[in-house]
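Fit chain B to the given chain A structure using the hints.
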Amino acid sequence: MAYTSQEILEGLAEIVAEETGLPTDAVVSEKSFTDDLDIDSLSMMTIVTHAEDKFGVRIPDDEVKNLTTVGDAVSYIEGAQAA
Amino acid sequence: MTAAPASRDVVVTGLGATTPLGGDAPSTWAAALAGESGARTLDNDWSEKYGIPVTFAATLKVSPDQVLSRPETKRMDPSTQYAMVAAREAWQDAGAPEVDGERLGAVVSSGIGGIWTTLDGWDTLKERGARRMLPMTVPMLMPNSPAAYVSLEFGAKAGAHALVSACASGAEAIGYGVDMIRAGRADVVVCGGTEATIHPMPIAAFAASRTLSLRNDDPQGASRPYDVDRDGFVIGEGAAIVVLETAEHAAARGARVYAKIAGVGLSSDAYHITSPDPEGTGQVSAMRRALEDAGVTSRDVVHVNAHATSTKVGDLTETASIRTLMGGEADHVRLSATKSMTGHLLGGAGALETLFAVKAVAERLAPPTINVENPDPELQVPLVRDTPEKLPDGDIVALNNSFGFGGHNVALTITNA
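From first to last, the protein sequence lines are chains A and B. Just add 34 to the spot in the first sequence (first one is 1) and you have the numbering used here. Just add 387 to the spot in the second sequence (first one is 1) and you have the numbering used here.
Hints in this document: simulated from the structure, not taken from any laboratory. Here the structure is a predicted model, which is why all the values come from computation and not from measurement. We put the beta carbon where it would ideally sit given N, CA and C, even for glycine. Keep in mind that a hint or two might mislead.
[Unchecked claim] Per label pair, the in silico range of CB-to-CB distance:
(1) Ser662(B) x Ser66(A): 25 to 31 Å
(2) Ser63(A) x Leu539(B): 29 to 35 Å
(3) Ala639(B) x Ser66(A): 43 to 49 Å
(4) Glu52(A) x Arg515(B): 14 to 20 Å
(5) Met588(B) x Val98(A): 32 to 38 Å
(6) Ala570(B) x Gln115(A): 57 to 63 Å
(7) Arg457(B) x Met35(A): 27 to 33 Å
(8) Val98(A) x Ser456(B): 22 to 28 Å
(9) Lys544(B) x Arg92(A): 39 to 45 Å
[Stated by the list, open to error] Cut-off 20 Å, straight-line C-alpha distance, at most; resulting in silico cross-link-like pairs (EDC-like, lysine to aspartate or glutamate):
(10) Lys65(A) x Glu97(A)
(11) Lys65(A) x Glu48(A)
(12) Lys88(A) x Glu514(B)
(13) Lys461(B) x Asp87(A)
(14) Lys99(A) x Asp72(A)
(15) Lys699(B) x Glu750(B)
(16) Lys99(A) x Asp69(A)
(17) Lys513(B) x Glu97(A)
(18) Lys99(A) x Glu86(A)
(19) Lys699(B) x Asp605(B)
(20) Lys777(B) x Glu750(B)
(21) Lys461(B) x Glu86(A)
(22) Lys99(A) x Asp59(A)
(23) Lys699(B) x Asp616(B)
(24) Lys461(B) x Asp510(B)
(25) Lys777(B) x Asp718(B)
(26) Lys777(B) x Asp687(B)
(27) Lys461(B) x Glu48(A)
(28) Lys88(A) x Asp510(B)
(29) Lys461(B) x Glu52(A)
(30) Lys513(B) x Glu86(A)
(31) Lys88(A) x Glu48(A)
(32) Lys777(B) x Glu423(B)
(33) Lys436(B) x Glu514(B)
(34) Lys544(B) x Glu489(B)
(35) Lys461(B) x Asp72(A)
(36) Lys461(B) x Asp74(A)
(37) Lys436(B) x Asp507(B)
(38) Lys777(B) x Glu716(B)
Just chain A, with the same shape it has in the complex (with noise of 0.2 Å):
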């Protein structure tokens, strides 16, 4: 069963949260990890682990480099819970 990109937000929002103290409705689509919701690298490969968990995908590492925005990471789950 695929999550929708909605749900995937969602779900992504609540590990964020979980990780940064920042409400879930900060977390939106258009937002950047780094610049935005000021998550450092350590930060970011937890909320990966945590995400690669919850959705059953796998994300490489050399892909989270590429995953700038909240919206980035959505559509790299969706697509690769696809694949």
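Then chain B, alone, in the frame of chain A:
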């Protein structure tokens, strides 16, 4: 009673703690004066599941997740969480001093380190593989993590340190804080100890070394230093932090001063990895050095917070050492074994007991030793039992003793402000 130049005298201006007796320093001290026990039966299946012979411990009264934010508890090992709770309280209690970060130090020790994180990480690896290891695992498990997070919290740039000497760690951290100030490397130091080892593995390991009390049917009566029926220590958890500063710095900002840390005495037994030297040579040396360092003598000592963990051998070695050092003057000492109430906080113990000795001097009140129904006939120093005892007016001197596996001996001399 003066040794160091007045400007480098080290005073205590802030206290913080989270312990089995209370979620902060005032409630912890109040519970100690009231003779309460922080030991309780563990609410888990560790005993049945793993065959651990001990079913109780002195667990924290207030969980840190009631104080810290969710992201903080997720990225800090419990040992760091406890230290942060205590450090924030101590800092506020000191009046959140304005100090140049280059002149502010952080010294926070743990005897064992981030063992929850270490063991959780190992479980994750075995059960789920390397892809599931959390990236924060290393900064969470490293034993300097509490010191590092405290330095981050307050912007301490004079140095962040984590001295490790088992159950003497917390006292050694405070001693090192004194040294930093005396050496001129800092004006203010946030220092103390923390421990979070109420996990089945360390409990099983301590039980294997036959050092834990097995009084499962009476947890609150289990820690009974100097009672003839004592059978081992009660494992505890928590943290205590003090804010030290130069007397000059404290006076300049009009800070309340609880007491002075006037002397630091260190020694090592070089005798056995776990047993104290039965002659007490190292313990006597540490206490003698602490008194000499403060420029005082045995005659001045009115109170000792004993290391006394409630083990057969250790408790008596300590009082014999006090008698060896002080001779007849030991008759004037009021000895308190506060582990009877708190359990043994391991790396947090020396800091918590220094905090108790500071409060005892500040309030002229020696805390009680509970559960002593039949004092050991070989106890050689007058013991404060059941209710607090008044300490004399005028200039007074107290000692806190902390000894650790490995033969580490730390004594701190505390004098009135």
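Hints versus structure:
The hinted window of 25 to 31 Å between Ser662(B) and Ser66(A) is violated, with their beta carbons roughly 59 Å apart. The supplied range of 29 to 35 Å is met by Ser63(A) and Leu539(B), whose beta-carbon atoms lie about 32 Å from each other. Distance hint check for Ala639(B) and Ser66(A): the Cβ-Cβ separation is about 45 Å, which falls inside the suggested range of 43 to 49 Å. Range check, Glu52(A) to Arg515(B): about 19 Å between beta-carbon atoms, so the 14 to 20 Å window is met.
Taken as a hint, the range 32 to 38 Å holds for the pair Met588(B) and Val98(A), whose Cβ atoms sit roughly 34 Å apart. Judged by the Cβ atoms, the range 57 to 63 Å given for Ala570(B) and Gln115(A) holds: they are separated by roughly 59 Å. A C-beta distance of roughly 29 Å is found between Arg457(B) and Met35(A), which places it inside the suggested range of 27 to 33 Å. For the pair Val98(A) and Ser456(B), the supplied restraint of 22 to 28 Å holds, since their beta-carbon distance comes to about 25 Å.
At about 41 Å, the CB distance of Lys544(B) to Arg92(A) agrees with the hint of 39 to 45 Å. Between the alpha carbons of Lys65(A) and Glu97(A) the distance comes to roughly 18 Å, so the proposed pair stays at or under 20 Å and holds. With a CA separation close to 15 Å, the supplied pair Lys65(A) and Glu48(A) stays within the 20 Å bound. Among the hinted pairs, Lys88(A) with Glu514(B) is consistent with the structure: their alpha-carbon atoms are about 17 Å apart, no more than 20 Å.
At most 20 Å may separate the alpha-carbon atoms for a hinted pair to count; Lys461(B) and Asp87(A) meet this at roughly 17 Å. For the given pair, Lys99(A) sits about 15 Å from Asp72(A) by alpha-carbon distance, which is consistent with the 20 Å threshold. Simply put, Lys699(B) and Glu750(B) have alpha-carbon atoms about 32 Å apart, too far for the 20 Å limit, and the pair is violated. Proximity of Lys99(A) to Asp69(A) is assessed by CA-CA distance (about 14 Å); at most 20 Å being required, the pair is judged to hold.
The straight-line distance between the Cα atoms of Lys513(B) and Glu97(A) is roughly 26 Å, outside the 20 Å bound, and the hint therefore fails. A C-alpha spacing of about 16 Å is found between Lys99(A) and Glu86(A), which places the hinted pair at or below 20 Å, so the restraint holds. Restraint check for Lys699(B) and Asp605(B): satisfied, since their Cα atoms lie roughly 18 Å apart, inside the 20 Å limit. About 9 Å separates the Cα atoms of Lys777(B) and Glu750(B), which keeps this hinted pair within 20 Å; it holds.
A threshold of 20 Å between alpha carbons decides the hint, and for Lys461(B) with Glu86(A) the separation of about 18 Å falls inside it, so the pair holds. Taken as a hint, the Lys99(A) and Asp59(A) pair is broken in the structure, with Cα atoms around 24 Å apart against an allowance of 20 Å. Pair hint Lys699(B) plus Asp616(B) holds up; C-alpha atoms about 9 Å apart against a cutoff of 20 Å. About 17 Å separates the Cα atoms of Lys461(B) and Asp510(B), which keeps this hinted pair within 20 Å; it holds.
At roughly 15 Å between alpha-carbon atoms, Lys777(B) and Asp718(B) fall within 20 Å of each other, so this suggested pair holds. Using a Cα cut-off of 20 Å, the hinted pair Lys777(B) and Asp687(B) holds, with the two alpha carbons roughly 16 Å apart. This hinted pair checks out: Lys461(B) and Glu48(A) have alpha carbons roughly 14 Å apart, not beyond 20 Å. Between the alpha carbons of Lys88(A) and Asp510(B) the distance comes to roughly 19 Å, so the proposed pair stays at or under 20 Å and holds.
At roughly 8 Å between alpha-carbon atoms, Lys461(B) and Glu52(A) fall within 20 Å of each other, so this suggested pair holds. A hinted pair counts as satisfied when its Cα atoms are at most 20 Å apart, and Lys513(B) with Glu86(A) qualifies at roughly 18 Å. Between the alpha carbons of Lys88(A) and Glu48(A) the distance comes to roughly 11 Å, so the proposed pair stays at or under 20 Å and holds. Pair hint Lys777(B) plus Glu423(B) holds up; C-alpha atoms about 19 Å apart against a cutoff of 20 Å.
A hinted pair counts as satisfied when its Cα atoms are at most 20 Å apart, and Lys436(B) with Glu514(B) qualifies at roughly 18 Å. Pair hint Lys544(B) plus Glu489(B) holds up; C-alpha atoms about 5 Å apart against a cutoff of 20 Å. Proposed proximity of Lys461(B) and Asp72(A) is supported: the alpha carbons are some 17 Å apart, at most 20 Å. For the suggested pair Lys461(B) and Asp74(A), the alpha carbons sit about 15 Å apart, so the restraint of at most 20 Å is met.
For the suggested pair Lys436(B) and Asp507(B), the alpha carbons sit about 17 Å apart, so the restraint of at most 20 Å is met. Taken as a hint, the Lys777(B) and Glu716(B) pair is honoured in the structure, with Cα atoms around 18 Å apart against an allowance of 20 Å.
Against the hints set out earlier in the document, violations occur for numbers 1, 15, 17 and 22.
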